[in-house]
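Number of protein chains: 2
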Amino acid sequence: MNSKPSYSIIDIPEWKKLKKHAGIINRRENHLKYLVSEKGRMENFSLKGAGIFYDYSRQRVNAGTMKLLFELAEKRWIKKQFKSMTCGETVNNTENRAALHTASRSFSTDPVFVNGKDIMPEMFSVRKKIKEFTSKIHSGEIRGSTGKAFEHMVVIGIGGSYLGPEFAAAALKHLAIRKMQIHFLSNVDIHNFGEIAASIDPESTIWIVISKSYTTSETTANTNQAYEFMRQKGLDPAKHFATVTSKGSPGDDPSNPVVASFHMFDFIGGRYSVTSAVGGVPLALYLGYDVFERFLKGAEEMDIHAKEAPPGENLPLVASLISVWNNNFLHYPAQAIIPYASPLSRLAPHIQQLNMESNGKSVTNDGEALGVPAGTIIFGEPGANAQHSFFQLAHQGRPFPIDFIGVLNPCYGQYKSISKGVTNHQELWANLIAQPAALASGKDDTDGAKHFPGNRPSSTILLDDLSPENIGRLLSFYEAKTVYEAFIWGINPFDQFGVELGKKLASGIRSKMADKNKNPEYSFEDADPITGFYLETLYSGSKNL
Amino acid sequence: MNSKPSYSIIDIPEWKKLKKHAGIINRRENHLKYLVSEKGRMENFSLKGAGIFYDYSRQRVNAGTMKLLFELAEKRWIKKQFKSMTCGETVNNTENRAALHTASRSFSTDPVFVNGKDIMPEMFSVRKKIKEFTSKIHSGEIRGSTGKAFEHMVVIGIGGSYLGPEFAAAALKHLAIRKMQIHFLSNVDIHNFGEIAASIDPESTIWIVISKSYTTSETTANTNQAYEFMRQKGLDPAKHFATVTSKGSPGDDPSNPVVASFHMFDFIGGRYSVTSAVGGVPLALYLGYDVFERFLKGAEEMDIHAKEAPPGENLPLVASLISVWNNNFLHYPAQAIIPYASPLSRLAPHIQQLNMESNGKSVTNDGEALGVPAGTIIFGEPGANAQHSFFQLAHQGRPFPIDFIGVLNPCYGQYKSISKGVTNHQELWANLIAQPAALASGKDDTDGAKHFPGNRPSSTILLDDLSPENIGRLLSFYEAKTVYEAFIWGINPFDQFGVELGKKLASGIRSKMADKNKNPEYSFEDADPITGFYLETLYSGSKNL
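Chains as they are written, first to last, in my numbering: chain A, 36 to 580; chain B, 36 to 580.
Some hints could be false.
It does not matter which identical chain is meant; a pair holds if it fits inside one copy or across any two.
Computed cross-link-like contacts, DSS-like style, restricted to lysine-lysine with a CA-CA straight-line distance of at most 30 Å [said to hold, decoys possible]:
#1 Lys332 / Lys164
#2 Lys342 / Lys214
#3 Lys115 / Lys208
#4 Lys451 / Lys114
#5 Lys102 / Lys51
#6 Lys68 / Lys171
#7 Lys332 / Lys52
#8 Lys163 / Lys485
#9 Lys268 / Lys214
#10 Lys163 / Lys332
#11 Lys171 / Lys55
#12 Lys455 / Lys214
#13 Lys110 / Lys282
#14 Lys171 / Lys332
If you're looking for bench data, these hints aren't it; they were derived computationally from the structure.
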């Protein structure tokens, strides 16, 4: 990989300059209450691009900070790395793979080569297949084994095969095709299965199994549970299951027939796969293929912006610099995402996965210790709800940066009741406008309990409305911000070796359980005492409690 | 308040000893992989009480740590403070109020005096009223204005009037009375209202408005929206609304008739109010009064344990010490709550509010600077889902302590399909057992990307099942843990002045909007430029984007 810098980030002069500069920003005269009142603050510290407005005027930066951050970005070749990614280079070096989520929503006829082969024809053919399949399901040409049209879809998948599609489905629920209900069966917890089983009509249910390897334990367990459930209802699973999986996986095996099978590729990681067939099959069935395509076009627009726009005008690039600044120089360990729009309630859990799994790393691309923390704890609930929940801590306790997200034109314009002189939407916006201001400026009070220290940073992101294009743009914005952060640190945002140890230990424990299930005399005495205690407790009913 | 220590915590010898001791625990030889393999670790670092099992063997503590922490607890008179709280003393000193959530689930005939008056008769009478009301709704004696029995309930409330009831309703959904659906209208966002309006049958809908003051802007706006909606459907609001509010509030005004009105009291704060009428009315309607009463009895049992059990055997007290240890001595800024049970999916958002709003403070009871951070960032999603989302960062990035929660006996025993030799529930437990072990012990690897540093602390909490008693116990455990933390720090966990500044600014902005709504010529030019920009943008449609 010649497009990545090979020296440690903490040794470069740009990093050292930023460290020194943080000392200046931490001075009392650079409290946010002074920064925000500078002339032209809003104009100088906000951006518009690809249909999204990004205001970082309430971040703890000044012109000098941004200059140094842009120098860092240049030194780390981050735009070059982004281009390498979109061109199909092997940016996922530890797994020797490309990272081409951008191709999954590209409508360009330019080829993208992976190992010498243009992958775009395959991208288009998957989309075409989704379109045709959706049309046949919606028209009733494809039906269940008793002839009923499908009205329930259960999406079986976990992690990257769940959180992204769930976020997009919730955000675009206002466009859902009325006769199709969507359910997500992610957790192996039997309560998840039980609740869904109780709320569907099996005859009109199609199960979409999403798993790249088709060997993920949780997904396999749920798929088996669902097969058994359908068989017990006298229904033919071959007519009720579709799969999204790698070519040639056990889920793409003609000896195990399904309604349809759609391909995923090793160059699109789970948490980046919403715009591939992973999101495509459930979203097109739930919303219609045209809505899914509009969602892709929005994401593509932001991809092009992220790749082409100069650093100073580039929304996700600037957002990534702010993120690294807050993380490594101002030392905030966490960041909240607070959308002032209930349909975006699953944005924070999705970005939590996207960002924390991508950048929760301690080593560089070369396997060397990074030396500073990468990644941050991401959490969030919708505003104004969050104000009545954890904002006490935000205002007067441990500070953390916040992304506020506003939607200019909501759905449900028919509800016009006025309270205290304003509509519900205006009330919501009064709060969206007030919170960043209160956090930034604070308010002195001689009574300690009523003193607001302020100097709490935030950004505000605006969308025009909850159109599919805007949801695609927002998704792509956070994806590009995440990879730009990684490119600054010089880490690989596409692997996730950190999840392997737990899987391995779980596999050993599962084996012991399987032995015990076969032979009730099997003893757990070779397990370590703590593991042994929990295994005994599980098998003994409640007598250990 | 003579039951509170009056000196700053950082100056006392017990605090200084703990600081010194943290240096020892941070040594390599006290890595968790060594601590967990000590003989008798599990027996010595776990507790059973009030039906809950609490294992802190994977916390970064040894016998010396616990000894010092118990000395701190004693020095801070925390059990005495807890007793003062349950006895009705004015523990909420900044607001000059008692804090008596424990009374709301007490079945004892002992009096509890507030300002010389025994409040228990009022507690019992509210419960009796809930029981009778529930019975009449369920029997169809109380019906909507067109004579239809109620089958939908919309709970209007935000913050403490929402998150607790939502958590308990989700956890106990398996016991729901089939014909009653519950909806939560919390956010003032019109999408929240619009989605609910589209999914109810107005004629069979009862709206429960929960607001102590009955003046909360979001709740008022939603209530007005709902009144208007019902009137437009030709339905009489007086037959479709019930209120839970303070005596004499605008929601308890005979000139504004409602189906029923239930009282809340100033000595029970919103985030502690699940077991009062705030949770009582919706939960009894959704689950039946008997289930609600069992929920109260579980909470009461844990209250008694929290009050009576000696420090070394006291689950919430020990948990609070661990929490302060992790926060102030090991310097973890965040904590995750990961329930391995889908029905507990709303536990983390509730505890996020409970803990962050209670303890996100920087000043002591005396209004002095505390000097160390109180409160912590709480977040979480159910396991095993979280493993496939943000656990990469937990294992290899920025560490944070975790509460793992397991349920021994799940519902839905009828689904018995076996995968890889185990049931779904066993698969879930294999993960529940594996994760704390992997986080604690880690695994060395010469490949930096595959190296697991370990030494990541966690606790494991087990419930026998999802009975109402156990959900009550779990709720009370976290409430008691939260107030015990505050009692150690010497802060007031019952006020929330930190939310006031944002409300005040929002009110000013709302006024400007109201003026603009009345007079389209009204100009926002007297607002600060950033506020002005957002106001202009809201009124200009999308031309600013």
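Exercise. Among the hints numbered above, which are violated by the structure, and what are their numbers in rising order?
Worked result: Numbers 2, 3, 4, 6, 7, 8, 11, 12, 13, in rising order.
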